[in-house]
Amino acid sequence: MADDWHTLAAPDDIPSPALLVYPGRIEENIRRMVAVLGQAERLRTHVKTHKMSEVVQLQLKAGITKFKCATIAEAEMLGQAGAKDVLLANQPVGPGIDRLFSLAGWFRDVHFSTIADDAQTVGNLAQTAQAAGIILPVWLDLDVGMGRTGIAPAQAAITLYKLIDQLPGVESAGLHLYDGHLHESDPAERLAKWQTMMNEVRSFRTGLEAAGLPVPGVVGGGTPTFPFHAQHTDHECSPGTTLLWDFGYRDNFADLDFQNAAVLLTRVISKPGSDCITLDLGHKAVAAENPHPRVQFIGLDDVEAVVHSEEHLTLRTAEARRFNVGDCLYGIPRH
Numbered sequence: 628m629a630d631d632w633h634t635l636a637a638p639d640d641i642p643s644p645a646l647l648v649y650p651g652r653i654e655e656n657i658r659r660m661v662a663v664l665g666q667a668e669r670l671r672t673h674v675k676t677h678k679m680s681e682v683v684q685l686q687l688k689a690g691i692t693k694f695k696c697a698t699i700a701e702a703e704m705l706g707q708a709g710a711k712d713v714l715l716a717n718q719p720v721g722p723g724i725d726r727l728f729s730l731a732g733w734f735r736d737v738h739f740s741t742i743a744d745d746a747q748t749v750g751n752l753a754q755t756a757q758a759a760g761i762i763l764p765v766w767l768d769l770d771v772g773m774g775r776t777g778i779a780p781a782q783a784a785i786t787l788y789k790l791i792d793q794l795p796g797v798e799s800a801g802l803h804l805y806d807g808h809l810h811e812s813d814p815a816e817r818l819a820k821w822q823t824m825m826n827e828v829r830s831f832r833t834g835l836e837a838a839g840l841p842v843p844g845v846v847g848g849g850t851p852t853f854p855f856h857a858q859h860t861d862h863e864c865s866p867g868t869t870l871l872w873d874f875g876y877r878d879n880f881a882d883l884d885f886q887n888a889a890v891l892l893t894r895v896i897s898k899p900g901s902d903c904i905t906l907d908l909g910h911k912a913v914a915a916e917n918p919h920p921r922v923q924f925i926g927l928d929d930v931e932a933v934v935h936s937e938e939h940l941t942l943r944t945a946e947a948r949r950f951n952v953g954d955c956l957y958g959i960p961r962h
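Start counting the sequence shown at 628; every next residue gets the next number (the numbering used here).
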């Protein structure tokens, strides 16, 4: 593909900063995701990165009907886009519970489910489901090493799973496990750690089944472990970054073959020094959680971030003289 694949034919029509997405590249990434599994049915892709109904519709066109989301707003977007199966992968609390059941009422042809790691929440879900006349599938959220959400795969988790299985209004959907802590660049090292983690999960699952508790399925993995979960035919796989890709994943995970399909359009808005340019690409346009470089500018390798604030990104570069105020730059963001 040409090196100028990212360049707009009429950039003057687009205000900056802007996120540009490239449907042809997204479609190619979808094709590669399906190829990893050999089928679309086991994909439950995460929408939290793109949050776009148009990207969802490209996936529906490819036969992907199941999705995972982080917020009620994303779940609503999925319902509006025509998704058939939506997993809310954050335990709903407070008014979030009523909002989830409202969605289930609005989109009656959508199969909604959620996750839980807390007995009180399971009880609240069951009570609300009974009042709504709905049976809500609930996945037990396991903490497999992230230390962020989920319950450790031990006896307390078996007790909680039994509660999900027995309470009227809810039913056990299976196990949800997110292994985002596994991000080693070396695929062999990543696989070895993943196998250790999965040995514990398999042992836990055996304990559930020995207690007479069925495990209909497993939703597992983010992008780095997607190919590993793909080898287990009863696992649904939930990569998300694979759709748009980014330069961080591209550089860190050479074993994953996807295309950059999202680019930031920014403009020079000031030249504060002979070796500096300031862009309209502040924290509001690109996340500040990662160290610099947060953006890889296409065709501009000799660059150093000097100041990054809400509205501005000032760069130091020996090539500053070739830019005028108003010039466009294109950059690939880091996830």
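By construction, these hints were calculated from the structure, which means they are not laboratory data. This structure is a prediction, so every number in the text was calculated from the model and none was measured. Please note: incorrect hints may appear among the correct ones.
[To be verified] Straight-line C-alpha distance at most 30 Å; calculated DSBU-like pairs for lysine-lysine:
# : residue 1 : residue 2
1 : LYS911    : LYS678
2 : LYS711    : LYS678
3 : LYS789    : LYS820
[Claimed, not checked] What follows is a set of in silico ranges between Cβ atoms, one per label pair, in the way DEER data are often shown:
#  : residue 1 : residue 2 : range
4  : ARG735    : PRO843    : 20 to 26 Å
5  : MET773    : ALA662    : 23 to 29 Å
6  : GLU937    : MET773    : 27 to 33 Å
7  : GLU655    : ALA815    : 24 to 30 Å
8  : ASP884    : PRO722    : 40 to 46 Å
9  : GLN793    : ALA881    : 44 to 50 Å
10 : ARG949    : ARG735    : 54 to 60 Å
The beta-carbon is built from N, C-alpha and C at its ideal position, and this holds for glycine as well.
Right, here's what the structure says about each hint:
1. LYS911 - LYS678: holds (16 Å)
2. LYS711 - LYS678: The given pair, whose Cα atoms are some 16 Å apart, holds under the 30 Å limit.
3. LYS789 - LYS820: Given that 30 Å is the threshold and the Cα spacing comes to 29 Å, the pair holds.
4. ARG735 - PRO843: 20 to 26 Å: Given a distance of about 22 Å, which is inside 20 to 26 Å, the answer is holds.
5. MET773 - ALA662: 23 to 29 Å: holds (28 Å)
6. GLU937 - MET773: 27 to 33 Å: holds (30 Å)
7. GLU655 - ALA815: 24 to 30 Å: Because 27 Å falls inside the window, the suggested range holds.
8. ASP884 - PRO722: 40 to 46 Å: holds (42 Å)
9. GLN793 - ALA881: 44 to 50 Å: With a Cβ separation near 47 Å, GLN793 and ALA881 satisfy 44 to 50 Å, so the hint holds.
10. ARG949 - ARG735: 54 to 60 Å: For ARG949 and ARG735 the Cβ distance comes to about 58 Å; the hint holds.
Comparing the model with each earlier hint shows no violations; every hint is respected.
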